[in-house]
Amino acid sequence: MDRQLALLPRVYGELEVALVAAHPGDRLSGTDRPGIPLNGPAVEARDAVRDTLASWADLMVEGRTVRLPLRTVPALAAFLRRHLGWLAVHPAADDAATEIDTVLRRALAVARPHEALMAMAVSVGS
Numbered sequence: 000m001d002r003q004l005a006l007l008p009r010v011y012g013e014l015e016v017a018l019v020a021a022h023p024g025d026r027l028s029g030t031d032r033p034g035i036p037l038n039g040p041a042v043e044a045r046d047a048v049r050d051t052l053a054s055w056a057d058l059m060v061e062g063r064t065v066r067l068p069l070r071t072v073p074a075l076a077a078f079l080r081r082h083l084g085w086l087a088v089h090p091a092a093d094d095a096a097t098e099i100d101t102v103l104r105r106a107l108a109v110a111r112p113h114e115a116l117m118a119m120a121v122s123v124g125s
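Take the sequence shown: its position 55, counted from the start at 1, is 54 in numbering that gives the first Met the number 0, and no numbers get skipped.
In short, the hints are calculated from the structure, not lab data. Values in this document were obtained by computation on a predicted structure and should not be read as measured data. Treat the hints with care, as some may be off.
Unchecked claim - What follows is a set of in silico ranges between Cβ atoms, one per label pair, in the way DEER data are often shown:
1) Arg104 - Glu61: 26 to 36 Å
2) Ala74 - Glu98: 30 to 40 Å
3) Arg2 - Val88: 11 to 21 Å
4) Trp85 - Val19: 33 to 43 Å
5) Arg81 - Asp50: 17 to 27 Å
6) Arg66 - His89: 13 to 23 Å
Glycine included, every Cβ here is placed at the ideal spot set by N, Cα and C.
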């Protein structure tokens with residue numbers, strides 16, 4: 000989980016670059032007019048990263064004398080890494096590891112789609 004938490008802020012930054020829609024003139028769903036050219040999957044992936052990290056940080060401070068970090072992805076990821084020992088023995092440790100790994104994989108698929116396609120091709124061809 001430490002590796003995933005270390006990588007998430009970088010991938011989150013890459014998603015910022017991916018926010019602009021790949022195809023100019025993309026339309027907002029349900030409208031006939033062009034909208035703000037945002038990449039919906041990138042917006043959703045960024046929200047999921049921030050929300051997942053914030054959720055686990057909130058759990059960590061419940062009933063403890065630990066202060067919450069800023070609600071930025073770098074601060075949340077660093078906070079979780081600092082308290083990884085505590086999280087590792089928490090009854091929800093497996094859930095945390097699964098959720099953080101899942102949100103990282105989904106974010107990588109949006110931020111680095113060519114790498115995701117290559118990885119799928121390799122695993123299918125194996």
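Consistency of the hints with the structure:
no.: 1; hint: Arg104 - Glu61: 26 to 36 Å; in the structure: holds, 27 Å
no.: 2; hint: Ala74 - Glu98: 30 to 40 Å; in the structure: violated, 18 Å
no.: 3; hint: Arg2 - Val88: 11 to 21 Å; in the structure: holds, 19 Å
no.: 4; hint: Trp85 - Val19: 33 to 43 Å; in the structure: holds, 39 Å
no.: 5; hint: Arg81 - Asp50: 17 to 27 Å; in the structure: holds, 20 Å
no.: 6; hint: Arg66 - His89: 13 to 23 Å; in the structure: holds, 18 Å
Hint violations for this structure: number 2 only, all remaining hints satisfied.
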